[in-house]
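One line per chain: the protein sequences are H and X, in this order. Count along the first sequence from 1, add 1108, and you get the number used in my numbering. Count along the second sequence from 1, add 4, and you get the number used in my numbering.
In case anyone wonders, no lab produced these hints; they're calculated from the structure. There could be a bad hint or two in this list.
Pairwise CB distance ranges, derived in the manner of DEER restraints [stated by the list, open to error]: (1) X:Pro31 - H:Ala1373: 53 to 59 Å; (2) X:Ser51 - H:Lys1313: 54 to 60 Å; (3) H:Asn1227 - X:Ser428: 28 to 34 Å; (4) X:Gly354 - H:Gly1393: 26 to 32 Å.
Quantities reported herein were computed from a predicted structural model and do not represent experimental measurements. Think of the CB as a built atom: it goes at the ideal place given N, C-alpha and C, for glycine as much as any other residue.
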Amino acid sequence: MKTPELVVSAVPHVHGGNSIPKMMMNTLIALIPAVVIGIYFFGMDAIRVVVIAMASAVAWEAILQKIMGRPIAISNLSGMVSGLILAMLLPPTAPWWMICTGTFVMILLGKEIYGGLGNNPFNGVLIAWVVLQMSYPDHMMYWLAPPGDFMTEATPLEVLKYEGVGSIAEHFTILGLFIGNTTGFIGEGSALMLLIGGAYLLIRKVVSWRIPVSFLGGIVLFSGIFWLTNSEEYASPLFHLLAGGSIMAAFFLATDMPSSPVTPAGMLIYGFLCGVLAVVIRLWGAWYDGAYYAVFIISILTPLLDKIKSKVYGR
Amino acid sequence: MKSGTFPGGLSLPVSAAGVSKPFESVPPSQTVIIPLKQHIGEPCAVSVKKGAEVKMGDLLGESESAAVHATVSGKVTEIIKKFPGMSGGYVPAIGIESDGKNESGGFLEGSDPMSLIQKGGVVDSDVEAISLHDKLTLAKEKSVKALVINSVDVEPQMISRASILAENAKEVASGIDIISQILGITTVYIGVSENAPNAISAISGACSSAISGACSSAHVVGLKAKHPQSMQELLVKALLGKEVPTGGSPEDIGVTVISVETAFFTAQAVNDKKPMLERFITVAGNGIGSPKNVLVRIGTPIKDVLEHCGVAPGHGGKVIIGGPLMGTAIHSADIPVTKETTGIYLQKEGDIAEFPSGVCIKCGLCVEVCPMRLMPLLISGFSESGSYAMAEANDILSCNECGCCAYVCPVLIPMVQWIKLGKSEIRAQRSSE
Ligand code: SF4
Ligand code: SF4
């Protein structure tokens, strides 16, 4: 019997089947609950922003990859995911040209200029978001209140900043914050829906628990210290947890892979610092969307945090 | 019973086919080829001539570590000088044409256990195949205090070790007693995968019915079913909570790790005076459906084993010696089973993973799974770019090539390949200095 030809190749001979498109698909699925409730509260406006952002992000990606002579890689879904996340950080009133500018900046400065996905030192979504905040502050703060009895068209964090802790209860209930019945960006409002999505990401092992958990832990701990010393002046940790996109930032922004650490200890510290800085910015900063700025700033430390390696077995 | 484990690793789906199965004996082949080197060290010196008539168990090659024996009765047809060895390079080998009679030769002579182990050719096979005689000599030199019996299968798809325990617990227990007596110790740990309850209850039963001997006080510990729990350093970690120092061996911290099948063959050599002529093997993989356990004579061509299992390696498929994560793909199924063969894994064309390598997205998954707590992305990257000094500074030499990192990498970087390259470059550099 002549032995049939056998293939000889290196180990391992099997692979788990994980891939970027799979991770991205899972992230899209995880975002669905929060997007759906955003659309429920803000209606057609929200749909418009989401569609324009996703479509333009993918289009920019294809165009820029073509210009830079790289293989077109839109099928890995990463453009779609970042488009959707950016849309969730925009007000429902965002004009189309501003969205397209945002996605252009996001794809160019957040990805392609560094040689494509994986090499970017910053989270592209946040680069775009910060640029839009700086360039078009009026458009970024033109709010729609969700339907219902709303006495303010300010976001919870704006109320905290300008009216003080005592006024929060006049405008928002904790339950409202939990469900997402508040003024704000399209996708950041509903802590509940974002937590469901975040849990899905953890179960599917798309992200490690370390960054989100230490992030939220940092928020609770740091805001808790002030609240315990003076609850008249400082908002409760629960408020800080539910309002202003804390959950959004912890699960969907701080976990951006290329710009966050890879070592277990690095991840924990990174998340914790993000949480602390988020509260610092909210309490004393000139801006109030502390969670997003915090992620943007702390990602500068990523190369440093990656130096905190685990002790090698046997060393 | 507490269940032990180690941080990291892969929880792979374990075969649903049932975790222990009896072993079918593969009938003797017409011709067998028996390499004279089936363990680390020097090859055996040939002790037969071409044309000689041999019986089963007759000596073919002698060495201070482990002898090699005929596994069929018949005629020595050739003495091959350069036969491709499993761990690279060439080894001498002896071909025997079976006379179909399966006549047994004599028994091993003497009564000293150490010399019976050496004459019986007992080899302990894990990542490396070491003669038990050499292993015990080292353990005695280092005066080890504890014996660990590795009953965790080399990879999760393999079921032979759990099955040996379930089927032959008595012999294993006797082997453990013999080995601990040689070492003069009484502390024994038996690590078994916790998804093999039959194996656990069989060995616990055999141990508790023993009146005296180290086995009667052995700790049987169920371990989480995780790859690569079978690795010696991770077993030691899971069972004793200690780590083997970098660059050292378990003996350095007073432990020796011996596989369950080795205990079985020890009992056979010492009690029954029978040499090690066979190997317990699981044939698994998506080329075969549910895994099969077989008892195969050393020297049987792999293709005969496959034929017995009713499978043929399809064109473009893979035959792997060992498991899917760490095994070695062979180029021809004519290669014989040796004492080093820990298992056979079959892959059909189309099931073979390819690693075309993308750009690392720093997802950290490889870091998360690495059981040695290395930074696989870094050491593989440094090897790829030829920065071997950096790779070494990041402990590339501690990598045990378990394959976990490449298995989880979403962009399919062939990390183990890069790491192997880096390690061999660094070792070559060291030995040339
Ligand atoms: S770096 Fe080595 S030890 Fe770590 S997971 Fe990869 S192959 Fe295993
Ligand atoms: S698993 Fe692959 S992509 Fe992820 S960090 Fe490791 S090498 Fe990079």
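Quick rundown of the hints versus the structure:
no.	hint	verdict
1	X:Pro31 - H:Ala1373: 53 to 59 Å	holds (57 Å)
2	X:Ser51 - H:Lys1313: 54 to 60 Å	holds (56 Å)
3	H:Asn1227 - X:Ser428: 28 to 34 Å	holds (29 Å)
4	X:Gly354 - H:Gly1393: 26 to 32 Å	violated (56 Å)
Hint violations for this structure: number 4 only, all remaining hints satisfied.
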